[in-house]
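Undergrad: The residues making up each chain are set out below.
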Amino acid sequence: MIHRIYSLFFGILLLFATPIYALEVIEILGGKASEIPIAIVPFEGLENIGGQKAHQIISSDLNRTGLFRPLNTRGISNSPSSDININYTKWSSMDAQFIVVGKVESENPISGNIKITWSLIDIFKEKTVVSMRYIGKKSQYRAIAHKVSDNVYEHLTGSKGVFHTKIAYVKKVNNKKYSLNVADFDGFNSRPILNTTQPIISPRWSPDGEKIAYVSFEKKKPVIYIQNLRTGKRTLLANFKGNNSAPAWSPDSRKLAIVLTYNQNSQIYTINADGSGIKQLMRSNAINTEPSWAPNGEDIYFSSNRGGSPQIYKVNINDDEISRVTYEGKYNLSPSISYDGKLLIFLTNDQGKFKVAIQNLISNQVLKISEGPADESPIFAPNGHLVLFTYKDYGKTTKIGTVSINGLKRLPINVGSSIIQEPTWGPITN
Amino acid sequence: MNIPQFNFDLIRNSNLWTIIESDDNLQANLFSFLIHFALFIFMIFSIQWQTKIPNFAEVELWDAVPTQIKNKQLQTKPLKNKKIKKIKVTPPKIDKQQLKLNEEAEIKLKKKKNKALERKKKLKEIKKLQAKLLKQEEIEKLQDKVLEQEKLDKIKEKLLEQERIEKLQDSLRDEELKKKPTIAIEADKEVLAGVSSGELDRFKALIQQKIQQNVNNQLCGLDRVELEFEISLMPTGDLLGEPKMTQSSKIASCDAAVERAILQSQPLPLPKDKKLFKRLKDLKLKFHPNGHYDL
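Chains as they are written, first to last, in my numbering: chain A, 48 to 477; chain B, 10 to 304.
Worth flagging that the hints you see were computed from the coordinates, not collected in a lab.
Keep in mind the model is a prediction, meaning the values are calculated, not measured.
Possibly wrong hints are sitting among the right ones.
Some, not all, of what chain A presents toward chain B, calculated at C-beta under 10 Å [as the list claims (entries may be wrong)]:
hint	residue
1	A69
2	I75
3	L76
4	G77
5	K79
6	S81
7	E82
8	D169
9	L203
10	T204
11	N407
12	I409
13	H432
14	I452
Here are the simulated lysine to any residue pairs, SDA-like style, with alpha carbons at most 20 Å apart [claimed, not checked]:
hint	chain 1	residue 1	chain 2	residue 2
15	B	K219	A	S140
16	B	K219	B	L272
17	A	K400	A	Y441
18	B	K293	A	E71
19	B	K287	A	L70
20	A	K79	B	K295
21	B	K287	A	A69
22	A	K172	B	P252
23	A	K137	B	Q275
Cβ atoms here follow ideal geometry from the backbone N, Cα and C, with glycine treated the same way.
All chains should be modelled from the sequences, with the hints used to inform the complete structure.
TA: What follows is the structure, encoded as structure tokens:
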């Protein structure tokens, strides 16, 4: 009897059963999108301060990275200034995935302080990602706008923004005057920290942000100085026999790798930041130069002609073990390693044109990200998403500019009409 | 199996008939007479079940409502006068002015009647015109309906043709598949389920391409990362609910970027065929934003 009931039950189940399939699986390799469409809406209130507008500064910042595509917000009526009553359909129809809204108010009429309230809104998910408020002096308006950019960048990319950082570069006027200048990352608020009649090359900002090491020809030969940015005081780091050049800071800012022609040709040495403890890193007959200290503190990338033509190698400072890094192209030099040690940039000779190339150290894929023909001195931004380098403007005057690591955005940094060269990028500071 | 049957012989040979025939005929006749008499009496003095007797009323049916009462009254007057003549009573003097007035009143009444008739005629004409207009409108509407119907019929025909073509294509595919015995067992299963594996793969490739266009792998770092999402789709290709992440890349910006890519890809390309749609309505999406370095 029980068997009959069971068989009847299963019979009924079979009658109502539909075929059950495993979930269809679709595999998606890589991705073809490169930029996040974002609308930076003009801020409400006192947005125009001295001709500067917050939404334009933020838009310009994000555009430079090659990761964002700021949308044109001109002529849009009823622009929101807060995350209340957002017309998501309208912004979605404009292809915006995110919008930034805000307002600028006078915080205190006596002190002249301003208050900026802003929000980042996710259009797809119809929710506010972040809302913040900054209070500062009117003179800090650009800095506050850069802070907003940093926050937007960090929330959407997971990496810290570099819009509040500083750069340094060498300005050359009429082949007679040289100055080492410090400016905001976009070239604004430039000021000289050293003026001299002798050439200055290879400035390098210390990872702790306190000092800049550079090569000066004041002693009728290249010697290395370290200048404290707070006090302005400078010390002579290396004035050994022969040429002293190409300083590179260790990640902890305690040591430097330098290049000396002490014996014969250029060789790499390590030295303490106070000038003590000089030590030759490896001994070879080939030229070893342009060191770049890896973030692990143990490897130093450098260029060498030990294989015949210049290529990038790396050496372990503990056991002097050397390995070749670049294989693509016959002429590669001037290495710079990213903060996470996963990307390498260098100059490559591409059929007579010197271009900036980037190599993924995990996949070893190489991508040329600049056009040439005479690009020089590539150096990573502290977040590893941008590259600062020099290029010949219309093939004549040397200028500095940035290129995104995807090669999509190459934009100049406007710091005047003089010859601008030898740039370096300061660290991210709080 | 034995089918039960009536045994008529048993009925014929039963004692029922013999019992009736054995009784006295007189008694039976008396009994039947009494019964019939009682029924006759009952028919005459039967019970009146209706509690209320309906009230009758006489009604005179007229073809039309009398409207000329006044005229009739006027016509009766000379008759009365005639009777008076017979009695030889001096006839009363007829007032000429009164007659004139009466005539005028009659003329006026006639005019009024004529006017009323004319109005009625006009109203009838207007109504006829209105009716005509309404009929025209109706005709136009009907014409429109007919045209629409024709259009719909054409569309239906086209759809039917498409369906026929698709069915033919499917049947051709099925035949081709049947002709190839070496095709994998999986493909046979697809055919049995009424789903073409070629079409299934084609739509999977279309979905893959559309989503890939929107994945921004720059937000996924440089290491080899993998993500998995499960999605449910409506026949329109839009998502039913939100994408469900079943495996994270452990990079928040990467997870968000991939989710955005899925959302941005709406509507996804889906087949019209219901069986094929059933296979694709729930999907598992595996993402390798930085590719397979070990391949």
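Undergrad: Is A:K137 within 20 Å of B:Q275, Cα to Cα?
TA: The given pair, whose Cα atoms are some 17 Å apart, holds under the 20 Å limit.
Undergrad: Taking 10 Å as the limit, does the beta-carbon of A:H432 come near enough to a beta-carbon in chain B?
TA: holds (9 Å)
Undergrad: Check the hint pairing B:K287 with A:L70 against an upper bound of 20 Å on the C-alpha distance.
TA: Cα-Cα ~10 Å, so holds.
Undergrad: Once the shortest beta carbon distance from A:A69 to chain B is found, is it less than 10 Å?
TA: Given a least distance of 9 Å, the restraint on A:A69 holds.
Undergrad: Is A:K79 close enough to B:K295, meaning Cα to Cα at most 20 Å?
TA: holds (16 Å)
Undergrad: Are A:L76 and chain B close enough, Cβ to Cβ, to be under 10 Å, as the hint says?
TA: OK, holds: A:L76 within 10 Å of chain B, min 5 Å.
Undergrad: For the pair supplied as a hint, B:K287 and A:A69, is the alpha-carbon distance within the 20 Å limit?
TA: holds (12 Å)
Undergrad: Taking the least C-beta to C-beta distance, is A:I452 closer than 10 Å to chain B?
TA: holds (8 Å)
Undergrad: Using Cβ atoms only, decide whether A:S81 comes closer than 10 Å to chain B, and label the hint accordingly.
TA: holds (6 Å)
Undergrad: Using 10 Å as the Cβ threshold, decide whether A:E82 counts as touching chain B.
TA: Because about 7 Å separates A:E82 from the closest Cβ in chain B, which is inside the 10 Å limit, the hint holds.
Undergrad: Can you confirm whether the C-alpha distance between A:K400 and A:Y441 stays at or below 20 Å?
TA: Answer holds: A:K400 to A:Y441 is near 14 Å, not above 20 Å.
Undergrad: Holds or violated: is there a CB of chain B closer than 10 Å to the CB of A:D169?
TA: This hint holds: A:D169 lies near chain B, its Cβ roughly 9 Å from the closest one there, short of 10 Å.
This entry satisfies every hint, going by the numbered hints stated previously.
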